[in-house]
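Number of protein chains: 2
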Amino acid sequence: MNYTDLVNNIKAKQSFLCVGLDTDITKIPEHLMSFDDPIFEFNKQIIDATIKYTIAYKPNLAFYESMGITGLQSLEKTVKYLNENYPEAFIIADAKRGDIGNTSKMYAKAFFENMNFDSVTVAPYMGEDSVTPFLSYNNKWIILLALTSNQGAYDFQFMQDDNIKLFENVLETSRKWGNKENMMYVIGATKAEMLVDVRRIVPKHFLLVPGIGAQGGSLEEVAKYGMNKDCGLLVNSSRGIIYADNTENFAQIAGTKAKDLQTQMAELLKEYSK
Amino acid sequence: MNYTDLVNNIKAKQSFLCVGLDTDITKIPEHLMSFDDPIFEFNKQIIDATIKYTIAYKPNLAFYESMGITGLQSLEKTVKYLNENYPEAFIIADAKRGDIGNTSKMYAKAFFENMNFDSVTVAPYMGEDSVTPFLSYNNKWIILLALTSNQGAYDFQFMQDDNIKLFENVLETSRKWGNKENMMYVIGATKAEMLVDVRRIVPKHFLLVPGIGAQGGSLEEVAKYGMNKDCGLLVNSSRGIIYADNTENFAQIAGTKAKDLQTQMAELLKEYSK
Numbered sequence: 005m006n007y008t009d010l011v012n013n014i015k016a017k018q019s020f021l022c023v024g025l026d027t028d029i030t031k032i033p034e035h036l037m038s039f040d041d042p043i044f045e046f047n048k049q050i051i052d053a054t055i056k057y058t059i060a061y062k063p064n065l066a067f068y069e070s071m072g073i074t075g076l077q078s079l080e081k082t083v084k085y086l087n088e089n090y091p092e093a094f095i096i097a098d099a100k101r102g103d104i105g106n107t108s109k110m111y112a113k114a115f116f117e118n119m120n121f122d123s124v125t126v127a128p129y130m131g132e133d134s135v136t137p138f139l140s141y142n143n144k145w146i147i148l149l150a151l152t153s154n155q156g157a158y159d160f161q162f163m164q165d166d167n168i169k170l171f172e173n174v175l176e177t178s179r180k181w182g183n184k185e186n187m188m189y190v191i192g193a194t195k196a197e198m199l200v201d202v203r204r205i206v207p208k209h210f211l212l213v214p215g216i217g218a219q220g221g222s223l224e225e226v227a228k229y230g231m232n233k234d235c236g237l238l239v240n241s242s243r244g245i246i247y248a249d250n251t252e253n254f255a256q257i258a259g260t261k262a263k264d265l266q267t268q269m270a271e272l273l274k275e276y277s278k
Numbered sequence: 005m006n007y008t009d010l011v012n013n014i015k016a017k018q019s020f021l022c023v024g025l026d027t028d029i030t031k032i033p034e035h036l037m038s039f040d041d042p043i044f045e046f047n048k049q050i051i052d053a054t055i056k057y058t059i060a061y062k063p064n065l066a067f068y069e070s071m072g073i074t075g076l077q078s079l080e081k082t083v084k085y086l087n088e089n090y091p092e093a094f095i096i097a098d099a100k101r102g103d104i105g106n107t108s109k110m111y112a113k114a115f116f117e118n119m120n121f122d123s124v125t126v127a128p129y130m131g132e133d134s135v136t137p138f139l140s141y142n143n144k145w146i147i148l149l150a151l152t153s154n155q156g157a158y159d160f161q162f163m164q165d166d167n168i169k170l171f172e173n174v175l176e177t178s179r180k181w182g183n184k185e186n187m188m189y190v191i192g193a194t195k196a197e198m199l200v201d202v203r204r205i206v207p208k209h210f211l212l213v214p215g216i217g218a219q220g221g222s223l224e225e226v227a228k229y230g231m232n233k234d235c236g237l238l239v240n241s242s243r244g245i246i247y248a249d250n251t252e253n254f255a256q257i258a259g260t261k262a263k264d265l266q267t268q269m270a271e272l273l274k275e276y277s278k
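Quick mapping for you: the protein sequence lines, in order, are chains E and V.
Numbered per the numbering used here, the first sequence finishes at 278, counting up by one with no gaps.
Numbered per the numbering used here, the second sequence finishes at 278, counting up by one with no gaps.
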């Protein structure tokens with residue numbers, strides 16, 4: 005997907021919602037266990053119920069890898085289902101990969117060629133040659149970790165060299181490797197006030213923002229400090245949507261939760277997207 | 005595997021060699037393509053030919069993921085083969101994972117429970133709660149990226165706050181999360197002189213050292229600056245061993261290359277392990 009299509013989808017749906025498909029076999033409704041592939045069935049029903057309100061879907065690889073080969077089969081089916089039925093959905097492999105160039109190239113092949121994801125999250129620690137192999141694909145994106153939503157973010161990401169913090173250095177250095185058409189950044193919602201500093205360095209890039217809901221970040225603050233004229237935000241909710249209910253109505257309730265967020269997002273787009 | 009067994013294996017084999025199983029279907033000998041699972045067959049023959057000289061095997065996940073489900077099946081078979089036939093081998097999942105706690109726990113399950121690896125490489129960028137879920141397993145290890153062997157290492161790992169560089173801060177901060185019995189560090193051989201600084205902070209931890217051979221690091225220097233009385237090193241070679249030859253003799257030649265390195269390592273253990 006290219007930048008223009010992404011922005012147009014946001015305008016059309018009046019939403020910048022990303023639904024995190026962190027699907028855990030121990031948490032999905034009991035009645036799904038009678039299906040051949042309960043994980044795929046859960047994802048499919050969540051997608052069908054939320055697509056009207058949702059711009060992006062983000063399966064976290066760890067949840068699928070923890071189920072071995074069958075988990076990866078469920079993931080492949082999910083990505084195929086999205087590509088075939090909802091080509092307007094932006095699909096993110098939340099994988100946080102990154103290795104020497106030779107090896108990152110293999111990860112890029114796995115996510116972009118074999119599985120047809122639109123984007124993959126990448127960890128910046130190993131620097132430029134660990135990131136650039138992902139940038140050689142047309143209309144594919146990397147989403148680089150900059151400022152994460154967890155407590156551990158304070159261990160290293162705020163380390164300061166002269167007047168620049170590590171996460172600012174990651175933004176400042178990496179924005180030269182690509183551009184706003186093939187790079188986004190992960191910025192945790194739990195640190196919404198930092199979005200002012202982030203926007204000073206990368207005013208035009210999209211930001212993928214996890215951490216609202218279960219992790220405590222505020223959607224209003226994220227929009228206030230992080231939105232630009234093309235929106236420039238994908239705000240993720242995982243547990244708050246997909247596990248809102250675990251009866252036979254789970255998908256319908258997930259749809260309602262997604263709609264609630266979309267309604268708030270439409271208001272925020274009116275107020276801050278300029 | 006526990007610390008004592010690892011040290012005893014090193015003493016018994018007079019080696020601290022790790023063989024990197026970066027197995028690429030486009031690089032393995034032609035005649036293997038007639039096997040049902042050419043990747044597993046290649047790994048099996050490499051392992052059988054090198055085990056006498058080798059302490060650890062390190063499949064890099066990217067190579068297997070790039071082949072989709074069948075690649076992961078080959079990987080699972082390889083790990084099973086090692087565990088069943090050579091229980092003394094220390095098996096490293098070179099995966100460079102790391103995510104919020106809730107998610108890192110899922111990766112730990114994937115590598116330690118489902119696949120029975122002894123250890124997994126982890127990226128430090130997201131801090132303590134992204135690392136500790138891996139430390140709750142008995143006799144399992146994490147190997148944290150500190151100073152990597154690639155050019156991109158210079159982008160962020162040398163960032164300096166007061167008198168401490170980022171990679172030194174990673175060592176200093178993370179050594180409190182575990183101990184020498186469940187944590188190692190990745191330190192690239194291409195920066196062997198930095199091992200003096202590393203050993204000042206973590207004198208007793210094992211270091212996994214990539215970067216000799218194809219990437220240009222010197223084994224002698226790594227031993228000189230990095231070895232401690234228990235050896236404390238696992239030095240990796242991938243391409244220099246597994247792709248030394250691509251005829252029907254590939255495994256035998258790989259064995260010879262591994263033996264050459266083991267012979268040098270026996271000398272270095274005599275000289276520096278004290």
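The hints are simulated quantities; they were obtained by calculation from the structure and are not laboratory data.
Heads up, a few of these hints could be off.
PhoX-like cross-link-like pairs, simulated, lysine-lysine; straight-line CA separation at most 20 Å [unchecked claim]:
{"#": "1", "chain 1": "E", "residue 1": "Lys228", "chain 2": "E", "residue 2": "Lys274"}
{"#": "2", "chain 1": "V", "residue 1": "Lys17", "chain 2": "V", "residue 2": "Lys180"}
{"#": "3", "chain 1": "V", "residue 1": "Lys233", "chain 2": "E", "residue 2": "Lys31"}
{"#": "4", "chain 1": "E", "residue 1": "Lys169", "chain 2": "V", "residue 2": "Lys144"}
{"#": "5", "chain 1": "V", "residue 1": "Lys180", "chain 2": "V", "residue 2": "Lys15"}
{"#": "6", "chain 1": "V", "residue 1": "Lys144", "chain 2": "V", "residue 2": "Lys184"}
{"#": "7", "chain 1": "V", "residue 1": "Lys109", "chain 2": "V", "residue 2": "Lys81"}
{"#": "8", "chain 1": "V", "residue 1": "Lys184", "chain 2": "E", "residue 2": "Lys31"}
{"#": "9", "chain 1": "E", "residue 1": "Lys15", "chain 2": "E", "residue 2": "Lys56"}
{"#": "10", "chain 1": "E", "residue 1": "Lys228", "chain 2": "E", "residue 2": "Lys208"}
{"#": "11", "chain 1": "E", "residue 1": "Lys56", "chain 2": "E", "residue 2": "Lys31"}
{"#": "12", "chain 1": "E", "residue 1": "Lys113", "chain 2": "V", "residue 2": "Lys31"}
{"#": "13", "chain 1": "E", "residue 1": "Lys15", "chain 2": "E", "residue 2": "Lys31"}
{"#": "14", "chain 1": "V", "residue 1": "Lys208", "chain 2": "V", "residue 2": "Lys15"}
{"#": "15", "chain 1": "E", "residue 1": "Lys109", "chain 2": "V", "residue 2": "Lys169"}
Numbers of the earlier hints that this structure fails to satisfy, in rising order: The structure breaks hints 2, 3, 4, 5, 7, 8, 11, 13, 15; every other hint is satisfied.
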